[in-house]
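Protein sequences, first through last, are from chains A and B. Residues 56 to 461 in our numbering are what the first sequence lists, from first letter to last. Residues 56 to 461 in our numbering are what the second sequence lists, from first letter to last.
These aren't lab readings, by the way, just hints derived from the structure by calculation. Just so you know, nobody snuck in bad clues.
When chains are identical, the list treats them as one kind, so a pair holds in a single copy or across two.
With a cut-off of at most 20 Å between alpha-carbon atoms, the simulated DMTMM-like pairs for lysine to aspartate or glutamate come out as follows: (1) LYS146 <-> ASP197; (2) LYS146 <-> ASP114; (3) LYS146 <-> GLU118; (4) LYS276 <-> GLU298; (5) LYS371 <-> ASP346; (6) LYS264 <-> GLU282.
There are 2 protein chains.
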Amino acid sequence: MALIVQKYGGSSVGTIDRIRNVARRLIDTQKAGNRVVAVISAMSGITDKLIGLAHQVMDNPPERELDVLLATGEQQSIALLCMAITDMGFKARSFTGGQAGICTYGSHTRGRIDTIDAAQVIRALDEGCICVCAGFQGVAQDGSIHTLGRGGSDLSAIAMAAAVKADICQIYTDVDGVYTCDPRVVKDARKIPVLSYEEMLEMASSGSKVMQGRSVEFAKKFSVVFEVRNSMNNNPGTIVQEENSSMESLAVRGVSIERNQARVTVSGITAPVAYTSLILNALAEAEINIDMIVANTAHDGMARQSFTMNMNDLGKAQAALKKLLPKLGKGARLETESGLAKLSVVGVGMRSNVGVAATVFGALAEAGIATGMIATSEIRISTTVDAGDIEQAARVVHAAFHLDRA
Amino acid sequence: MALIVQKYGGSSVGTIDRIRNVARRLIDTQKAGNRVVAVISAMSGITDKLIGLAHQVMDNPPERELDVLLATGEQQSIALLCMAITDMGFKARSFTGGQAGICTYGSHTRGRIDTIDAAQVIRALDEGCICVCAGFQGVAQDGSIHTLGRGGSDLSAIAMAAAVKADICQIYTDVDGVYTCDPRVVKDARKIPVLSYEEMLEMASSGSKVMQGRSVEFAKKFSVVFEVRNSMNNNPGTIVQEENSSMESLAVRGVSIERNQARVTVSGITAPVAYTSLILNALAEAEINIDMIVANTAHDGMARQSFTMNMNDLGKAQAALKKLLPKLGKGARLETESGLAKLSVVGVGMRSNVGVAATVFGALAEAGIATGMIATSEIRISTTVDAGDIEQAARVVHAAFHLDRA
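Extracted from the complex, chain A is given alone in its bound form:
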């Protein structure tokens, strides 16, 4: 008898019929001899509707009250799902974030999970209930409601799995798992059966939309084994767990792509060495997430720095850096390039397999694709290419590492 936490997102519970589908899946899991905890999101569209209502009242609603408002979305879906389970003749009990014992800290609309006291959930499991918990929310020490920000329901599920000591946490989405590359781009992309936390993290941060990095980090921290699965079928998904030696046999596990990238380059810098922190602070104050950073000193002794970021942030970045130019040097200039994309190859096997970079850039060169900025981590190599080249780039690199074969 295993204890399984299953997480279903907003589209999986988006209609009454879909709620019934989830109820059936939970019941099947219990009938197979397991203890079952569900963590679910609000019905798709509800959260946006509530935000719309708030904005009818004012432009910048106080975040404390926005949390009170938004938390009702999950509170509705847990009640409806419990009704559906009851209607099918099985025992269910709903738990808001607070009732599930999810204690948070930090700020409203982006609370962080502190501890989980799962005693009530475990008691309900002991009584034979399927427990249905509201994702995305918790309660701070002062009793006020926190929501957990984007991807918060995944985080709730992973944290709940840690608290109840679940054997596995299944994250249900609308895809069968994590693929060697986006199947819409690379037709022969394969589902990856097992990934390490590190690989999942690198894929999340390099464009794979399956799961947010902080949920993966939480799982890694508490050694929660999780599996990304499709809520519309029963196919096995991608299991994410601690790295083991067998994972190193493959040099590369997957190819991620990220579109809508832009590059900003500041050149002609003659200011003293502190200029990097001047630039990074200016971008941070403008709330711009930068991705790749390349810095070097040119032959004439003047420094230049380049950054990539989402295209949508380009205007803000230009405005923030323009003000800074006079401090960076007399001849300091700003240069921007939009219409870029980023290609990344990820794999823990990179550590022990030589020549991965050579294979990547060889394949791109052979296809006549020019590369721009390059950045690497221990288990990832990323490069920018022209947006128009990204799909072909993904295909040739995917093929170069034979990722279409098991």
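Following the hints, position chain B against chain A.
Frame of chain A, contents of chain B only:
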């Protein structure tokens, strides 16, 4: 500096514009130098919409989960109202039933208020906040959510007023107060400035729709002075408080009417004396609220009993009593009459003013209106009339007691 609790119902917060209107009223009350607690309902229509969703899932949803679902209605309106107050530049803090410290017992969907720990609300008042509490809901000792049933938000407001020791609890509705009679029926009906709890209770139980009896009882028990007011203007309303000697000067304070009444008579009863409890138990088991009871023994030694009830319950009552007839006597018969209405006159002055009944029945007789069953309490006289006669009956009785004059 007074402490004022204001309660606004669903139609008063039914749109964003109306929510803004309530925000303005609360702010005006605070600006006038008062500490302000609001207790509000869900936006009108939301509760019905949520019940509709539940019934899409199943016919008889489990009440625990129905409460979880319904409680989101008020949770949304408190958040939106706090946003509106903030938008106008004032401090506000929302409280769900649980956060407001409203502890309940009893059953789901009709929880009863046990205690209120208003410490958090008082702390927020001390910080200068307008406190906005969700009506209609509380939390049971085991942490589960209770709703309080029909009229629950009035009850929340009265109870909160008792807990924070408010100087007054203002119940805002869509009428200016309690009238000497329904102004749609009696054109020269006047607003009653002051009523005793007992008079308000009798008027509530005899058709006045302004407030449910159990909220009035709660106010009486904890000596909460409350005022029924109109949320769309600033007119003084009807204050309800402890009886005082000046109230006895008027024999009659108001005339209530209740339509859609039916009468059931069981005659030919020869069973021993326990028959009354047999009949009442049968009606109670069928969940029928009976109103007037008249019992007597006819000249032939056979007993007969008559009851009035809402017309909608007539079918159920017939079915329940039919099964019982054989136990009541060989010749026991059931006789029913629909299409009735009830007229009641109410006033604590009845105790010391003689001739009230004579005036009522004299006025009706003069107008040629036949009366049916009659029931009395210490401060109320009620009679049934044909439904078609009720409006004229109300007018002649209202005139007979000169209720159109201050």
